[in-house]
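**Student:** With these hints in hand, go ahead and build the complete structure from the sequences.
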Amino acid sequence: MKFFTPFRKKSPWILHYNAGSCNGCDIEILAALGPKFDLERFGAINTGNPKQSDIFLVTGPVTYRSRERLVELYTQIPEPKVVVAVGSCTDTGGVFRGMLNVEDGIDRYIPVDVYIPGCAASPQLIIDGLVKALEILETKSKAIEKPFKLFGAVQMIGTKLSRLNMAQRVRHDEN
Amino acid sequence: MIWVWILLAPLLGGLVYGGERVLRARMQRRQGPPFLQPFYDMFKLMDKRSLIVHAPHALLAVGHFFLLWVSVAAIFLGWNLLYIIFLHLFAQVVLILAGYSVRSVYSHLGANRELLALVAYEPILILVSVGFYLVSGSFEIGRILEGEGYLAQMPLLFAALLIIVPIKVKKSPFDVTEAHQEIVGGVEIEYSGVFYEFLYMARFLEYLFIYSFIFLFGGISYGVGAVLVAATFLLVNLVDNATARVRTGDMVKIVYGVAMSLAVINIVGILR
Amino acid sequence: MDLVWILVLLPIVASAALVSITSERVHYYLCSAVLILSGGTALTLYGSPEIFTFHLSSVAEGGIVVADVLLLLYFAYQGVKFKSRMVMILAVMQLLLYLFAKLISPVETAPEIVVDTLSKFMFLIINIVGGIIILFSIRYMKDESADPFKKRVFIAGLLFFLSVMNAIVCADSMLLFFLLFEMTTLSSYLLIAFRNDEISRSNALRALWMNQIGGVVILLGALVAISGFDTLSISELLEHSGQMVVLSVALLSMAALVKGASIPFDGWLLGAMVAPTPVSAMLHSATMVKIAPYLILKLSPALGGTLLGEFLSVIGASVFVAASYLALSRFVFKEILGYSTIALLGLMISLAAIGTESSISIAMVLILFHALSKALLFLAAGVLEKQYHVKSIEEMKGMIQRAPKTVGYIVFGFVSLTLPPFGLFMGKLFAITSVTSILHERPWLLIVLLGMIVGSVLLVLLYFKVASALLSHPSDTVLTKREHLPFGYHIPLILLSFLILFTAVGYTLVQNDRLLALFALPLLIVFLLPIMIRAMERYDRIQPYHCGEKESFDAALVYFEPSVFTQRLIYWGFGAMFVALLLAGALS
Numbered sequence: 006m007k008f009f010t011p012f013r014k015k016s017p018w019i020l021h022y023n024a025g026s027c028n029g030c031d032i033e034i035l036a037a038l039g040p041k042f043d044l045e046r047f048g049a050i051n052t053g054n055p056k057q058s059d060i061f062l063v064t065g066p067v068t069y070r071s072r073e074r075l076v077e078l079y080t081q082i083p084e085p086k087v088v089v090a091v092g093s094c095t096d097t098g099g100v101f102r103g104m105l106n107v108e109d110g111i112d113r114y115i116p117v118d119v120y121i122p123g124c125a126a127s128p129q130l131i132i133d134g135l136v137k138a139l140e141i142l143e144t145k146s147k148a149i150e151k152p153f154k155l156f157g158a159v160q161m162i163g164t165k166l167s168r169l170n171m172a173q174r175v176r177h178d179e180n
Numbered sequence: 011m012i013w014v015w016i017l018l019a020p021l022l023g024g025l026v027y028g029g030e031r032v033l034r035a036r037m038q039r040r041q042g043p044p045f046l047q048p049f050y051d052m053f054k055l056m057d058k059r060s061l062i063v064h065a066p067h068a069l070l071a072v073g074h075f076f077l078l079w080v081s082v083a084a085i086f087l088g089w090n091l092l093y094i095i096f097l098h099l100f101a102q103v104v105l106i107l108a109g110y111s112v113r114s115v116y117s118h119l120g121a122n123r124e125l126l127a128l129v130a131y132e133p134i135l136i137l138v139s140v141g142f143y144l145v146s147g148s149f150e151i152g153r154i155l156e157g158e159g160y161l162a163q164m165p166l167l168f169a170a171l172l173i174i175v176p177i178k179v180k181k182s183p184f185d186v187t188e189a190h191q192e193i194v195g196g197v198e199i200e201y202s203g204v205f206y207e208f209l210y211m212a213r214f215l216e217y218l219f220i221y222s223f224i225f226l227f228g229g230i231s232y233g234v235g236a237v238l239v240a241a242t243f244l245l246v247n248l249v250d251n252a253t254a255r256v257r258t259g260d261m262v263k264i265v266y267g268v269a270m271s272l273a274v275i276n277i278v279g280i281l282r
Numbered sequence: 004m005d006l007v008w009i010l011v012l013l014p015i016v017a018s019a020a021l022v023s024i025t026s027e028r029v030h031y032y033l034c035s036a037v038l039i040l041s042g043g044t045a046l047t048l049y050g051s052p053e054i055f056t057f058h059l060s061s062v063a064e065g066g067i068v069v070a071d072v073l074l075l076l077y078f079a080y081q082g083v084k085f086k087s088r089m090v091m092i093l094a095v096m097q098l099l100l101y102l103f104a105k106l107i108s109p110v111e112t113a114p115e116i117v118v119d120t121l122s123k124f125m126f127l128i129i130n131i132v133g134g135i136i137i138l139f140s141i142r143y144m145k146d147e148s149a150d151p152f153k154k155r156v157f158i159a160g161l162l163f164f165l166s167v168m169n170a171i172v173c174a175d176s177m178l179l180f181f182l183l184f185e186m187t188t189l190s191s192y193l194l195i196a197f198r199n200d201e202i203s204r205s206n207a208l209r210a211l212w213m214n215q216i217g218g219v220v221i222l223l224g225a226l227v228a229i230s231g232f233d234t235l236s237i238s239e240l241l242e243h244s245g246q247m248v249v250l251s252v253a254l255l256s257m258a259a260l261v262k263g264a265s266i267p268f269d270g271w272l273l274g275a276m277v278a279p280t281p282v283s284a285m286l287h288s289a290t291m292v293k294i295a296p297y298l299i300l301k302l303s304p305a306l307g308g309t310l311l312g313e314f315l316s317v318i319g320a321s322v323f324v325a326a327s328y329l330a331l332s333r334f335v336f337k338e339i340l341g342y343s344t345i346a347l348l349g350l351m352i353s354l355a356a357i358g359t360e361s362s363i364s365i366a367m368v369l370i371l372f373h374a375l376s377k378a379l380l381f382l383a384a385g386v387l388e389k390q391y392h393v394k395s396i397e398e399m400k401g402m403i404q405r406a407p408k409t410v411g412y413i414v415f416g417f418v419s420l421t422l423p424p425f426g427l428f429m430g431k432l433f434a435i436t437s438v439t440s441i442l443h444e445r446p447w448l449l450i451v452l453l454g455m456i457v458g459s460v461l462l463v464l465l466y467f468k469v470a471s472a473l474l475s476h477p478s479d480t481v482l483t484k485r486e487h488l489p490f491g492y493h494i495p496l497i498l499l500s501f502l503i504l505f506t507a508v509g510y511t512l513v514q515n516d517r518l519l520a521l522f523a524l525p526l527l528i529v530f531l532l533p534i535m536i537r538a539m540e541r542y543d544r545i546q547p548y549h550c551g552e553k554e555s556f557d558a559a560l561v562y563f564e565p566s567v568f569t570q571r572l573i574y575w576g577f578g579a580m581f582v583a584l585l586l587a588g589a590l591s
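Protein chains in written order, with the numbering used here: chain E, 6 to 180; chain P, 11 to 282; chain W, 4 to 591.
Possibly wrong hints are sitting among the right ones.
Have a look at the derived ranges for each label pair, beta carbon to beta carbon [claimed, not checked]:
1) P:271 / W:52: 42 to 52 Å
2) P:271 / W:57: 32 to 42 Å
3) P:279 / W:243: 38 to 48 Å
4) W:153 / P:257: 46 to 56 Å
5) E:133 / P:152: 50 to 60 Å
Computed list of lysine-lysine pairs in BS3-like fashion (alpha-carbon distance at most 27 Å, straight line) [to be verified]:
6) E:41 / P:180
7) E:15 / P:181
8) P:181 / E:41
Honestly, the hints are just simulated from the structure, not real lab data.
Glycine included, C-beta positions come from ideal geometry on N, C-alpha and C.
**Tutor:** Spelled out as structure tokens, the structure:
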């Protein structure tokens, strides 16, 4: 489906998930979506639904409680997809690094494509990061991407096995 | 020629939708997405992996889209207004059944709201077509478009129709069925990839469906009809940007209280 | 004429045979034979254009009087036995009125039995739908915990009821009609009380006294007719004109409203839902309550265009809306079906009372399609009750996983009641068209039109609200088991579904409107669905999205409960309208 591939970067739909952030980055993301920075001029929509999203915007250092949800949301986004870690905590754990019940960044659980630094990351940086993410999105294939770690409850979702084991049939060379 | 237009109907609706997104952005002093954004979205969705919950659920969305297309085609061909309304009802019920067929809370919530919205707007649509019958003597769109003076004879029915337009195009204050992130898209929640695309295009057809009712008020002078459609388009978007969402029950109450009485008063006026 | 005798006598013979034979296999043969024979007879009769009339001999006349007095005495005895004052008073009142009417009644010259097109049409519905329901009841009774003899009597009772119904739709004399009307009341009473526990006994008594009111008004109507025109024949009455006719017709249509369980009397039909399901299917939705629209149709020559007719059609349309609305707060599946029956009966009464040619034919069509669809729904409800022990829609959540076939029939029933291309939908569509076309001449029908529009969307809301509970199915990552449906249950359901399909297709073809072919599209979808589901195996499955919630939970069903004040308003309003009907008859 070569014809459709260029359109990936023309309509990035965003899923925003707060994995225990202090809300600083969330406010900046909303600012980026708002009238002043107007992310919608790139065609971006904040869908709030993993099944229709392309870009996974995560904020926060991943608290113990939120990790299963993080993985579940990631697995429910259909490929091709990119993950953008917004803010220092999400990249490395930031000021929360090493604390009790904090998992030090999302790349322990899911593969991250773009890291956006800053505490909190400014809207300009977020837009830059998104544009970078779009370039990566264009190069991705439709092959299944798995999270690094699955939790028992989401095993079935993670492997995305259909009842006839059809998950194997998707061609990996499709680009 | 008309068949070409029918084939192009989803594209036409897509243009309307794209124009609307730009218009809304400009009203908020934003630049907004490109005019062709809906088509970019469509093409992108073609390129996504499609994940389904179960087969009937996915197929019902496809059925919804095609039934809507048929009802829009029937409008273009100038058929009986009542038949068109009921075909549209069938398309809507197919969507509702799709929403109910999965074990998902938000999908059920969305379908409930969709059902209540149906209860709200369906009588008004039928009353409007009854008004057309009383004035022009026929339910056939072809015949209705040969008459004139509808706006003068049924101004209140037009007002009633204006009240339900936001329900159909999912705009504030009556956008409970979709409700942005409140219920995560409602019925649409469990769709992805190609199957979501069908629902996305179904929305384009809904625009054509409801705006063609507005167009009918122009009668034989298509210019008046076009002006009415443009004015309604602007008004609906203005109201969308300026109002908050009302609750589902209140929506039904408002439509039954205000729009229904307007319609009944108008019909009584015609009958006198 | 002989054919009519077959219809009346065959079920009685079969019921006598059924009580004496114990073998279940023979029961099946017997009931199938009744279904085929009487259904075939009804079809032959429907095909022949003649109108039969028949005069009863004096012996038969005497028999009718004896039967009537015995019946009323039995009612009075039941009233005494179960200490129901209403039943007692009404039975005595009926007895006195009846004897008085008999005393002053003239020597009858008009034939008592008239088989016209309407009767033939009703024969068709009664025998085919009734026969299928009786076939179903054999298997249903096998699962019922009761004495074997009582079970046989139950099936025999249903057969006997079939012959009563066949007789009532060709009775033209008001006193004969009264007797048969009371016979249907009696069978309704006995069958509701079949399980003989406290609740069914009290509901049966309520059904009895409410229906007795209908009997009283019929007798009053007969008295008016006798004193005015010296006749008991309904068709002769309709040939006259004047105030007395209107009064008599008003009284008879009040009886129709009672039998059709229109709103102040809806209590008895809902109470009747405690009876075994075949009873609900047969008496309380497919055949017996159809006496209401039947009677109005019979009276429609005197109703069309008059103040009384207009008022009656407004009442019918209001019942359509109010009953659909009240049903939204119910959760027992059969009660929901019961309320929707009341609602649709209201629609039929309303259309019949308008009295134009098209509205009458639409009312008849609605009677047919409603009987088929409701029988299907009730039988499917019976299967759910016996095989899965669920009665309320709260227990039915995710039922499609456990009983895919039964749920399929139920959803098909719902679709056939609301959507194109099925008959009920077509009826509503043509009803709107036909009422709109005479709106200029009779502006009051605007209320009826509004009622039809709002009532139909409320019914859509009602049915698909119930469907929401049935349908929710989890992701098909695991295979569901195939449902085994016993033949005794399955065959009647298949028969009814095919009848619904064929009649719908036939009706569409008869309309001879090429645009209607458009409505065949949905059928195409239904047939393509299985093939397409195969093709869907290419796609990967995924779990539904719960916004990160880990516990599995379901969406709650929605109920719309009217406030106590609104409920009271509805009941008093309809009560007042019921009385006002009499006033409208007396004054016009």
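**Student:** Take a quick look at whether residue 41 of chain E and residue 180 of chain P sit within 27 Å of each other, Cα to Cα.
**Tutor:** Measuring from Cα to Cα gives roughly 25 Å; hence the hint holds.
**Student:** Holds or violated: residue 15 of chain E and residue 181 of chain P, Cα atoms, limit 27 Å.
**Tutor:** holds (25 Å)
**Student:** Has the hinted range 42 to 52 Å been met by the Cβ atoms of residue 271 of chain P and residue 52 of chain W?
**Tutor:** For residue 271 of chain P and residue 52 of chain W the Cβ distance comes to about 49 Å; the hint holds.
**Student:** Taking 32 to 42 Å as the stated bounds, is the beta-carbon spacing between residue 271 of chain P and residue 57 of chain W within them?
**Tutor:** Since residue 271 of chain P and residue 57 of chain W have Cβ atoms about 54 Å apart, the given range 32 to 42 Å is violated.
**Student:** Starting from the range 50 to 60 Å, see whether the pair residue 133 of chain E and residue 152 of chain P falls in it by beta-carbon distance.
**Tutor:** holds (56 Å)
**Student:** Is 46 to 56 Å respected by the C-beta to C-beta distance linking residue 153 of chain W and residue 257 of chain P?
**Tutor:** 53 Å Cβ-Cβ, so the 46 to 56 Å window holds.
**Student:** Taking the CB of residue 279 of chain P and the CB of residue 243 of chain W, does the distance hold inside 38 to 48 Å?
**Tutor:** 40 Å Cβ-Cβ, so the 38 to 48 Å window holds.
**Student:** Please work out if residue 181 of chain P and residue 41 of chain E have their alpha carbons no farther apart than 27 Å.
**Tutor:** Holds: residue 181 of chain P and residue 41 of chain E sit about 23 Å apart, inside 27 Å.
The earlier numbered hint that this structure contradicts is number 2, and it is the only one.
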